[in-house]
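Protein chains: 2
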Amino acid sequence: MADVLSGVASPSDVRALPEAALPGLCEALREAIITTCGRVGGHLGASLGAVELVVALHRVFHTPQDALLFDVGHQAYAHKLLTGRRDRMHTLRQAGGIAPFLDPRESHHDALAAGHACTAISAALGLLAGRRQLGHPGHVVAVVGDGALTGGLSFEGLNNAGGSPLPLVVVLNDNQMSISANVGAIPALLRTRNARAFFESLGFTYLGPVDGHDLGALTRALREAKASSRPVVVHALTKKGRGFPPAEADEQTRGHAMGPYEWRDGKLVRSRGGRPTFSEAFAQVLGEALERDPRVVAVTPAMLEGSALTGLKARFPDRVHDVGIAEQHAVTFCAGLAAAGAKPVCVIYSTFLQRAYDQVVHDVCLPGLPVVFAVDRAGLVGADGATHQGAYDVSFLRPLPGLTQWAPMVGEDLAPMLATALQASGPSVLRFPRGTLPDLPPELAHAEPEVTGPSAPAVTAAHGQPAPDARSVTSGRPLSAAVPGGASTSAPGQPAPDALAVSGARWLKRVPGARLTLVTLGPLGLSALEAARNEPDWSVLDARRAWPLDEAALLEAAAGGHVVVAEEGTVRGGLGSAVLELYAAAGIAPRVKLLGMPDVFLPHGDARVQRTQLGLDAAGLRHAGHALLGEERR
Amino acid sequence: MADVLSGVASPSDVRALPEAALPGLCEALREAIITTCGRVGGHLGASLGAVELVVALHRVFHTPQDALLFDVGHQAYAHKLLTGRRDRMHTLRQAGGIAPFLDPRESHHDALAAGHACTAISAALGLLAGRRQLGHPGHVVAVVGDGALTGGLSFEGLNNAGGSPLPLVVVLNDNQMSISANVGAIPALLRTRNARAFFESLGFTYLGPVDGHDLGALTRALREAKASSRPVVVHALTKKGRGFPPAEADEQTRGHAMGPYEWRDGKLVRSRGGRPTFSEAFAQVLGEALERDPRVVAVTPAMLEGSALTGLKARFPDRVHDVGIAEQHAVTFCAGLAAAGAKPVCVIYSTFLQRAYDQVVHDVCLPGLPVVFAVDRAGLVGADGATHQGAYDVSFLRPLPGLTQWAPMVGEDLAPMLATALQASGPSVLRFPRGTLPDLPPELAHAEPEVTGPSAPAVTAAHGQPAPDARSVTSGRPLSAAVPGGASTSAPGQPAPDALAVSGARWLKRVPGARLTLVTLGPLGLSALEAARNEPDWSVLDARRAWPLDEAALLEAAAGGHVVVAEEGTVRGGLGSAVLELYAAAGIAPRVKLLGMPDVFLPHGDARVQRTQLGLDAAGLRHAGHALLGEERR
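Note that the protein sequences, when read in sequence, are chains F and R. Residues 32 to 665 in my numbering are what the first sequence spells out, letter by letter. Residues 32 to 665 in my numbering are what the second sequence spells out, letter by letter.
It should be emphasised that the hints constitute simulated quantities derived from the structure, not laboratory data. Warning: the hint list may mix true and false statements.
Each computed SDA-like pair below joins lysine to any residue, with the alpha-carbon atoms no more than 20 Å apart [unchecked claim]:
#1 F:K344 / R:P196
#2 F:K344 / R:L165
#3 R:K270 / R:G247
#4 R:K270 / R:P54
Chain F is nowhere near these chain R residues, computed Cβ spacing over 10 Å in every case [what the hints assert, rightly or not]:
#5 P198
#6 A258
#7 A650
Every residue gets a Cβ at the ideal spot worked out from N, C-alpha and C, and that includes glycine.
Build out the structure end to end from the sequences listed, making use of the hints.
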């Protein structure tokens, strides 16, 4: 098997193979994908389903003269293996290694970079229009999953392409799944003769459906498409996870994104992290809110799996809405729900909330509707890489009037913050990171109500400007009362207790006469506490709200003349920038150092390593504090 | 005529009228719409086309128990007239007057606020789902123009609604227009039997097409839709501008948005502003770029009219692409064009660029493609009001790596800035405001190359960090060399001369040893120059680039210890915030005052009046400077 593959260094080698060798090539590709993903994890299911399709595409089209654009790119591991990247596939999704998606900087056989769904048709049409205008020859093919058809951008592209004379080729890789099952009217449409009617009504020639695992049928259809002088769609039916029984047997996602696994005694063993993730902890408190208040509704654009909501969907099938890959609709749908008096919680990754920015501005914030945005994957995302970094949410949301932004430091913050957001009369955000829950330091779990100085860090509420409708915090209540997975703080059917509400910032360490304060957002507070452990004149303030600021607490933080603000997000316009605006308005001028994500698109890698490299761990915060103090002594 | 209307104070009065009175009611509504728009301007065409539809909707559905959501809302003047706002219609779009679009805060017959297209289906589905969940009765109707069907959000809503059991009623108000003619495959689809196939394939019951000016047919179709137990679409064919000959005769837009007009001697006389607008001036320099370089392409999502591009579309039909109401596609299409080696210029309003935020992040900035965004309507938008304010672009774009943001102060800046952006290897923004070009003060038009102090303001380039690929500025070159409408600086077919390139900030007034510097973005530089005219120790710096900053110039600006930063955009995360970040990083602490748009959604009104109220005129800037200096003396 491997022999076939080792003889293929580029697509021209694929085209040189005799037809009889192709089934063996496909088998070798599947073996390589399964082995790679078993070793390092990855987007297994979609790539296994597209093996024959990728081979057929390279038999018919000649990259890079012809351009293949794979939507998202997670179905294109076979394409990576056939385009000179086989020897490095074991570095997939790791720092310095093969990218999780496609990127022209990695191979000139990748026409365009992507990682978000639904971009391929529009980008391909632009590429084709540009090439024609400049007199460059070549065909342009957009390979699009059926999941991406629910996304509005795909439709905008289809409408423009179908009304254009350019011979764009769209290949529909229809595996009946988004990440989990596809939703809305599209799935039924694609299973019937309506598929032809739909695409023909949009101006496309329709070819298919063809068996996406039949190389002969695929090749014939693609050749016909290549010969077309007008827009054409090839509808290929594929099976996600094809050829790997554990993926085929996984009814939820068909092995969409699997972590590393191995075979032991003939059985598949998947390694699993021990601690729950922030997503899982949030899903739990959301479940409690759904139980407690019949007005609560959850909405997510195809992130049921990623945000650990499948259990809730099973428990509350009518109140947990997966609207498919349709971020804009998810947010405007929530606006409608809120206008009706429901309490929608929109669960969405930071990077995908970018897709719905205008809907947040225009449909939610402008009318001031009480939609709660649970912004998952906020900050560094590790192996998912540059396309998925949650770097911008605080900055693009902060200017929006009336929107309150919360950030939990530990899992124990989730329940009170969600309760506070659900009580608010306007919109709120809860941003939490990808990854497992941090340990709660013992001194925080058993915090005393009073400020006692550096030797006994205390959790107390700073008395700042309260958030709209937020009730006052119960200072010093042990955080462990709301531990996810521990005892629930309220019985089903009961309203959220007042004690759950939070307001402003929280002093993690409050030293009278401190020279320097570390101000943080989210779990960075724990690193700051560690950084300040042996610094008797440093205070630590967990901002808790990125916006609006707890002004009183932040003015107190400036009293010693030195403030380090650290956040896992861009430093441009984020919390640090907000703090600078506050100090300028107050006419005070402490020395301020901003730490955060830099002005580059951070690539894939280990988030913990990246955090260290960016100076966002305890050592980095300590160093920043000393540097700020040291500069003054110069 | 007017008598019929004066007897109608609410929708129940409409339902109480005998059928025979309805044609007279429609005629009276048209008369009121024509009179109102003649007096104060407004969205004439769409509202005239929807008169019978609005009357029929109120005959069949009972607001507010039933909810009517008009997409955009600009077709709903008849609805305003029938819901108790007739006596105030003469205040339309003016400060404190009737809103340009719909808003529940204005009438409980308006179900949801909107002003951007394509939101109605998603919002209506959410409203219906929320009402059902909470046990509230009532029908929900989304009235959507055919122009909005090209927008992805509408499709996302249709897909979700068509796959849902909820009996959402969608009324398609099909006038064959977006703002100008509708584009892509949708127009042909709606003119054929494909319309039925399209909506049925998406899971809707299809009723129609019906004559949208036949009250009987409309009423019957709406009653049938009301009785449906599943999603249903009513396809009504209407004529934009119906009943007003000058609008019907306007082939471009059918009187979409007309300024005030009056009848004189039987002829329609429209008042027109004398000076060209920023949009017109930009269209002219874009035309010169199209002539000069065959790689240049213009793309706009349905803003041909608003951004004055119809002339260019006629001159360069294959290189000026109107992609319809499809902002996301417009940007990703540009990414494809740039990847092919073309030089796309995406002309889009600031408020609509919000719709394509992720496409700017993921499709353009991440791969670093040289797309130029001409961001029109940046800043205050006057009569268009809260939904359309161009408040956020600098803030949401500033964190994006590699994106350079330019802002012209005067029309003369447009040509060199566009030339610089087209020469860049990465993406650029040019943001310019709604409104007419300012006068160029004589001292700037005849500027000398040397800095001569306060008595002779000079235009010189600050020597800051150059923008990527920007060539150096020709200091002191008279600005009038590039006056739009004057002599072109280059003959057709010739490359842009080097002299056209700009780099960093520009000193409008540079006083050695200045105590205070006014730093501005865009036309505010002229107000700052006026504010500083009698202040011998104030300098004025036109930042020109909102990002990246011209660091050397801005550090020099801080030398006197007092800096006022003024921008027409939110103060949260904008230019002022960037300046604060720079000073913090440099370890300097001048007193800084930020001026800009406040933390509220600014309503409709006269932009010049609002500018004064916000302190963004010369008097406001002068006051801010004195206050900043005065605080120090306290």
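Verification of the hints:
1. F:K344 / R:P196: 18 Å, holds
2. F:K344 / R:L165: With Cα atoms ~19 Å apart, K344 (chain F) and L165 (chain R) stay inside 20 Å; holds.
3. R:K270 / R:G247: 17 Å, holds
4. R:K270 / R:P54: Holds - the C-alpha atoms of P54 (chain R) and K270 (chain R) are around 16 Å apart, at most 20 Å.
5. P198: 15 Å, holds
6. A258: A258 (chain R) clear of chain F: closest Cβ-Cβ about 22 Å, beyond 10 Å.
7. A650: The assertion about A650 (chain R) holds, with a minimum of 21 Å to chain F.
Checked against the numbered hints listed earlier, the structure breaks none of them; every hint is satisfied.
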